[in-house]
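Visitor: In order, the protein sequence lines correspond to chains A and B.
Take 506 as the starting number for the first sequence in the working numbering and just add one per residue.
Take 264 as the starting number for the second sequence in the working numbering and just add one per residue.
Keep in mind the hints are simulated off the structure, nothing from the lab.
Since the model is a prediction, treat every value here as computed from it, not as a measurement.
Each residue gets a CB set at the ideal place from its N, CA and C atoms; glycine is no exception.
Possibly wrong hints are sitting among the right ones.
In silico BS3-like links for lysine-lysine, alpha-carbon gap of 27 Å or less [what the hints assert, rightly or not]:
#1 A:550 x A:713
#2 B:314 x A:765
#3 B:322 x A:765
#4 B:494 x B:371
What the simulated footprint calls covered on chain B by chain A, stretch by stretch (three residues with Cβ under 8 Å from a Cβ of chain A suffice, anywhere in the stretch; the number is not a length) [what the hints assert, rightly or not]:
#5 303-309
#6 414-423
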Amino acid sequence: MSYFKEFGGQFVPEILMPALDELEKAYKKIRRDKRFWVELNYYLKHYAGRPTPLYFARRLSDKYKARIYLKREDLLHTGAHKINNTIGQILLAKKMGKTRIIAETGAGQHGVATATAAALFGLQCVVYMGEEDMERQKPNVRRMEILGTRVIPVLSGSKTLKDAINESLRDWITNLRTTYYLLGSVVGPHPYPLIVRNFQKIIGEETKKQIKSIEKRMPHYILACVGGGSNSVGIFYPFIGSRVKLIGIQAAGFGLSTGKHAAALLKGRIGYLHGSKTFVLQDQWGQVQTTHSISAGLDYPGVGPEHAFWKKSGKVFYDSIKDNEALDAVFETAQMEGIIPALESAHAIAYLKKLKPKKGSIVVINLSGRGDKDLETIIKELDKEK
Amino acid sequence: MKHFLAYIPAGYPDLKTTERILLELKNVPITGVEIGVPFSDPVADGPVIQKAYTQALKKKINLKLIFQMLERLDLPYDLYLMSYLNPILNYGEGLSKLKVHLKKAKVKGLILPDLPLVEINNIQLQYPVVLFVAPNTTFKEIPLINKIRPPFVYYIARYGVTGTRNDLAYMDHVIKLRNRIKSPLYVGFGISTPAHVKKVWSSADGVIVGSALVKEMDKVKPAQMPKAVVKKIQNLLNR
Ligand SMILES: Cc1ncc(COP(=O)(O)O)c(C=O)c1O
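Chain A extracted, bound-state conformation (with noise of 0.2 Å):
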């Protein structure tokens, strides 16, 4: 099945479905390929750094009045969640034999995660990166570089990330026998957000056994970023239908009302984006529109079907975080924890203040990911308020 309910399906170029029935098949077969998975581990293990800590975060902890818990995704190898996906898809592109990746990229932070697994097996590597985004993120720019990726600027509509995968899709339609498009997030045609969510779950596996183990017990609430969603759908997915509360937070931008956010799922109507069908910021006339955040992983007018499905259903419960909100827990988290959040997940952090948890209660957040990319973001930031 291609949906998710009503969401999802393969909405794109007649030409790309040939493709798309090749990716399916090779990755129903390393699903039940044991040894897929022994190498895949391996290097989650050895090279990534799995299993992320499961932090107990004292003095968030005290000042809340409840029991946090930081899942620590910044932790791994190229400081993001990202990283899961790309050593996954990797693996899965060389048993197809292909010979060339592809990929989109908004904060880089993708980017950066497929030129490392790239040039860790030894692949050509090429990143889509809207203009606008290569300003902002210009560390990352560099690192891909180092790392023997071309990064190809994109100037076409607004110059961000939903370019950059409409752009990743017209170069596979291109390069369609030896390209493997590695896309970073659980969004585009089935199977994309298929693969993307079951490489990423192993965030809320070991989540679930790490507070098992602690607390001898399920937490009440576990709060993740989402952009695409899927450092979300990953910590997510294996407590659906749990008595968890699941909350997803989405990018306020300026505020909901300004009309300058990326929260698809408050604000978005039911569209078709990057093949597929979900919610997607638009206007009256169905084109679509250019979001604001503060976090560049964050800006993205659709997200994935999957939450489309979950909010629909009400499993997961959806709200947003303006960007001054976030950038104020950036500096919570880091004169607290010690720890310095990218600006993504700063978001799901930010998301205590409004969630005001009932005393004791444990809550979990995913720390998706490093700020060191947003330092400059920061920085600038900071100078504004002087």
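Chain B with the ligand: place on chain A using the hints.
Guide: Only chain B with the ligand this time, still in chain A's reference frame:
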């Protein structure tokens, strides 16, 4: 008879120019026109058409304005709307109005490059749609195509997006498909020379030309665009 479809992006550089081009096209022996409805995220299009769409959207072109123009013009040739799913299914006036407006504008069918065969029964659109086939389409899809009986079947002549190019490969596959498909088979994507047109016509029912026309428009001022398009079509038709 061999068919010729001309693709014109609506609202590029403005709707008035589109109107004048459509009127001028009454003077050439073409089967029809594909009106390109601008979309913010045209994944199947190359830089030439992307640019046209971006400019049109800057001018706030929308489908309702396009319908109003088409209703007023009452053109003698076939009309198709080429767009993407989102601006069609999220038409600002609602889906029931969409059908009314399509009929009033005498649109013969919709061309939606992000609607592949597998999804054809999963969308709520009770209007004729043109189906796509590609060099990698297998014969197992043909029964479904023949069951739907689209106004025509659009053969994508290349691995890639819209845009002009020199060679024209994969034509042997066209002949095989045409023998099995009941609807007329038109070939598009990359057609830009009289030799292309001749080659396509020797094996398919029609040819579709898009980026090559927009490229000619780009060479002149808006006032000269209608003539430039007609001249290019005449050149392609070898007259
Ligand atoms: C650290 C981090 N968190 C979250 C995201 C958002 O993506 P997703 O919603 O797919 O997890 C990104 C994207 O670049 C990221 O770098």
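Visitor: All hints are to be evaluated individually against the structure, with a verdict given for each.
Guide: Results for each hint:
| no. | hint | result |
| --- | --- | --- |
| 1 | A:550 x A:713 | holds, 18 Å |
| 2 | B:314 x A:765 | holds, 24 Å |
| 3 | B:322 x A:765 | holds, 21 Å |
| 4 | B:494 x B:371 | holds, 26 Å |
| 5 | 303-309 | holds (count 6) |
| 6 | 414-423 | holds (count 3) |
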